[in-house]
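Start from the sequences and build out the full structure, keeping to the hints where you can.
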Amino acid sequence: RLPGNRFLFVHEENILNLNVDVIVNAANEDLKHLGGLAKVLSDAGGTVIQQESDSYVRKHGKVPTGELAITGPGHLPCKKVFHAVGPEWGDYRRNTRLGIMLLEMVIKNVLEKADEEGFKSIAIPAISAGIFAFPLDICTETFCRAIFDYCKSTQDLDIALTDIHIVDVNHEFISKFRKTIELTMNCRDRSEEQSSNTHEMQDEEDEGQNQEWNFGHHSTEDKVTDWENCKAKDESSLKMDDTENNMFITHEGRHIKVVIGNIEDQRTDIIVKSTSVAMKLDNGGAASAARHKARPSLQDELDRKKNHLGHGSIISTDTAQSHLFCKKVYHIAVQPDEKNKSQYVHTIVLDCLKKAHKAKETSISFPALGTGILNCPPQQVARAMLSAAIQFSNQ
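Just so we're aligned: the sequence shown equals residues 1 to 395 in full-length UniProt numbering.
Please note: incorrect hints may appear among the correct ones.
BS3-like, lysine-lysine: derived pairs with alpha carbons at most 27 angstroms apart [stated by the list, open to error]:
no. : residue 1 : residue 2
1   : Lys327    : Lys62
2   : Lys79     : Lys354
3   : Lys79     : Lys59
4   : Lys39     : Lys59
5   : Lys176    : Lys152
Now the in silico label distances, taken between C-beta atoms and shown as ranges [unchecked claim]:
no. : residue 1 : residue 2 : range
6   : Leu8      : Phe325    : 44 to 52 angstroms
7   : Asp158    : Gln51     : 34 to 42 angstroms
8   : Asn5      : Thr362    : 43 to 51 angstroms
9   : Asp156    : Lys327    : 49 to 57 angstroms
10  : Asp158    : Arg58     : 32 to 40 angstroms
11  : Ile260    : His323    : 49 to 57 angstroms
12  : Ile260    : Leu2      : 26 to 34 angstroms
13  : Glu117    : Val48     : 16 to 24 angstroms
14  : Lys32     : Leu8      : 46 to 54 angstroms
15  : Asp43     : Glu116    : 27 to 35 angstroms
16  : Lys327    : Asn5      : 50 to 58 angstroms
For the record, the hints were derived by calculation from the structure and aren't laboratory data.
For glycine and all other residues, C-beta sits at the position ideal for the given N, C-alpha and C.
Have a look at this one:
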């Protein structure tokens with residue numbers, strides 16, 4: 001039994017034998033189902049799965065590592081297929097920490113999406129452990145951590161997903177997963193007995209740290225299982241800056257800083273704001289805040305340019321005659337009915353970073369995109385934004 005009255009089932013068998021609402025496919029970014037489990041599912045489900053996958057890529061582009069796409073089941077015994085793109089070991093052999101983070105992200109994303117869509121049961125294969133060649137020890141530990149963390153973080157919510165099935169024909173993966181589950185449960189039990197009188201103190205100490213990005217941070221119980229030390233700390237591609245709180249540094253040397261404050265007060269080359277399709281600075285939290293420090297000329301410039309704004313495009317306005325500390329403001333017209341919210345946020349952030357890089361700007365500030373108009377959960381937004389930043393840094 002998992003936190004939140006959920007249940008975990010482990011099967012060493014063909015995923016097609018399970019009667020579940022969602023089958024997860026271990027996919028590649030192009031959604032070309034040519035080998036491994038992807039081919040098995042595509043062959044069994046019929047040509048419609050590949051056709052829907054191709055249509056998805058034409059419309060939305062490649063699926064970023066850590067994210068997923070959804071298609072119908074074809075002839076498969078489920079309601080939907082989630083095509084989850086895990087990290088390939090060859091791409092992260094020297095950046096182990098980042099690879100682990102992305103694998104954890106994709107597992108949490110499929111669970112979160114199943115909950116959002118109202119599904120009761122899901123079958124997840126050994127994502128990244130097959131053709132993508134992730135070491136099984138790392139893979140099973142990451143699976144366990146992601147599942148327990150997600151269930152614990154949502155245990156007080158009104159959830160739909162109750163049955164989580166881990167299923168694969170790989171005997172070694174299933175065996176290691178079962179052992180990891182047993183070890184985790186034993187460690188959690190011992191931790192609760194030994195620290196029942198100290199959790200309140202620990203929570204107070206951790207409160208300030210929780211203002212940072214919620215990636216790579218684990219609960220008190222998780223630390224007992226030594227998750228932080230699973231492989232090559234020195235090769236971490238995303239690490240905390242020792243000299244400044246709330247600062248991460250990518251392997252390529254780019255800085256990601258988390259700031260609690262007002263977007264209009266940030267002293268960066270660019271600030272990003274989201275607003276409605278009407279493109280009025282009075283609309284939206286970040287938009288309204290920017291209005292207070294912007295002279296009428298900023299709204300006038302925006303009004304002149306907004307007719308050229310397409311879905312998902314970016315309008316750049318100068319701030320020379322405003323009280324803002326930045327050079328430019330990037331305006332995003334957010335579509336409130338967007339279905340794939342996390343990927344939408346990911347795409348917005350990535351496009352802004354590319355535009356700023358092309359303009360030779362060196363710094364940019366984002367608000368918590370999607371938490372307002374899109375009503376997207378903060379954790380989901382954080383994962384999508386950080387995923388985009390990491391992807392940009394790797395390019």
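Hints that the structure is at odds with (numbers, increasing): Result: hints 1, 2, 9, 11 and 14 break, sorted rising.
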